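Peer 1: These protein sequence lines map, in sequence, to chains A and B.
Going by my numbering, the first residue of the first sequence is number -1, and it counts up by one from there.
Going by my numbering, the first residue of the second sequence is number -1, and it counts up by one from there.
If you're looking for bench data, these hints aren't it; they were derived computationally from the structure.
One or more hints might be untrue.
Repeated chains share a single entry, so a pair holds when one copy, or any two copies, can fit it.
Claimed, not checked - Only pairs whose alpha carbons sit at most 30 angstroms apart, straight line, appear in this in silico DSBU-like list of lysine-lysine:
(1) Lys168 to Lys77
(2) Lys195 to Lys77
(3) Lys132 to Lys113
(4) Lys84 to Lys185
(5) Lys173 to Lys1
Remember, it's a predicted structure, so these values are computed and weren't measured experimentally.
There are 2 protein chains.
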Amino acid sequence: MNKIITLGREFGSGGRELARRLAEELSIEYYDKEIIAEIAEHTQLSQEYVKNVIENTPHSLFPITIGQTFAYSHDYTIKQMQTIYKAQDEIVKSLAEKSDCIIVGRCADYILRDKDICRIFVHADINSRLERCKERITSGEQFTDKQIINKIKRIDRNRARYYEFYTGQKWGDIKNYDFCINTTNIKIKEITPVIAKLFK
Amino acid sequence: MNKIITLGREFGSGGRELARRLAEELSIEYYDKEIIAEIAEHTQLSQEYVKNVIENTPHSLFPITIGQTFAYSHDYTIKQMQTIYKAQDEIVKSLAEKSDCIIVGRCADYILRDKDICRIFVHADINSRLERCKERITSGEQFTDKQIINKIKRIDRNRARYYEFYTGQKWGDIKNYDFCINTTNIKIKEITPVIAKLFK
Chain A
-1 MNKIITLGRE
9 FGSGGRELAR
19 RLAEELSIEY
29 YDKEIIAEIA
39 EHTQLSQEYV
49 KNVIENTPHS
59 LFPITIGQTF
69 AYSHDYTIKQ
79 MQTIYKAQDE
89 IVKSLAEKSD
99 CIIVGRCADY
109 ILRDKDICRI
119 FVHADINSRL
129 ERCKERITSG
139 EQFTDKQIIN
149 KIKRIDRNRA
159 RYYEFYTGQK
169 WGDIKNYDFC
179 INTTNIKIKE
189 ITPVIAKLFK
Chain B
-1 MNKIITLGRE
9 FGSGGRELAR
19 RLAEELSIEY
29 YDKEIIAEIA
39 EHTQLSQEYV
49 KNVIENTPHS
59 LFPITIGQTF
69 AYSHDYTIKQ
79 MQTIYKAQDE
89 IVKSLAEKSD
99 CIIVGRCADY
109 ILRDKDICRI
119 FVHADINSRL
129 ERCKERITSG
139 EQFTDKQIIN
149 KIKRIDRNRA
159 RYYEFYTGQK
169 WGDIKNYDFC
179 INTTNIKIKE
189 ITPVIAKLFK
């Protein structure tokens, strides 16, 4: 069995950076946005469309349908979601078979639940996440703290909804992870070698 | 500042064993039941009484009092609880000042919240905890699985209630810890050197 690490993360927690640095430190593969690209290739849908379906559904799967047109469009959305999730499931499994790797998000902890993997969840308090997001803002962009916090909450709400819909589990619940790491007031660069020791 | 680790744990998760082994591996002090003994000495109450107050209150702090006798007894209980918690608060702070150590339970993560500490929470699924409890049963004792599971749940309910009452925080919520460690299907002896690396 390969050394497989899955990493879920709150937006702005530095989880993605930790995953990237961990992969580098452990000399293993790192998969994140690459999976969206692969899903697009598998399903012959555009990357933008796949990203949109993943990030914005399921908002409401059982709306009160008014007239047949809406019902058809609703069925179509569900089918697209199923196609995309099926591709995601296959890709994640095949990446885990291929070599040691770290997979960010994509319900990988659930998809690989029967394998001997290490499931990490990274989180931080809201101020710490706000500061991290502000550091990433490129010059020219102007956002208030309130706007950034609203964005953090919206993205996390979508991640939670997506995860819970496909796994039936609560996103960010300690039960579903082997290690939950709090990155409040922590520099990811500094914590990486410490966390890497867990896998050496 | 000393190297201070606080460790909260679900009953049967092996958290106490992990704390003991970690202290040994890191050559630092280990405090667990010793704190009860110190509280008893400070308050001049018996260890048994202190243990009982800690493990069984607050069941209901604001009952509908019927007549004055009950009200007096209720006031007395609250005063004893306050005395015991105050002693606990002072002892935990003084242990943390003294030397590097690991402190099990006792709301130490909250009491030392203004210090630079590492807060661990150890948990496991119910089957894994059941198995650990069964291993500890001495010959002659006979319990059904259901009885053991009920005991696990009762103890954890009390721990959660105690922690939440004094800290205003949710026991076992990832937000309150730096590392949450899942010990499901894991031998504590084997995971200890791995976790110890985080502190070396």
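Peer 1: It remains to establish, for every hint, whether it holds in the given structure.
Peer 2: Going through the hints against the structure:
Taking the closest pair of Cα atoms, Lys168 and Lys77 come within 30 angstroms of each other only inside a single copy of the chain (24 angstroms); across copies the shortest separation is 40 angstroms, beyond that limit. For the identical chains of this complex, Lys195 and Lys77 are neighbours neither inside a copy (43 angstroms) nor across copies (47 angstroms), given an alpha-carbon limit of 30 angstroms. Taking the shortest Cα distances, Lys132 and Lys113 sit within 30 angstroms of each other only across copies (27 angstroms), while inside one copy they are farther apart (38 angstroms). For a Cα distance limit of 30 angstroms, the shortest separation of Lys84 from Lys185 qualifies neither inside one copy, at 36 angstroms, nor across copies, at 35 angstroms.
Proximity of Lys173 to Lys1 under the C-alpha cut-off of 30 angstroms is found in both arrangements, the shortest distances being 21 angstroms within a copy and 28 angstroms between copies.
Violation of the numbered hints given earlier is confined to hints 2, 4; the remaining hints are satisfied by the structure.
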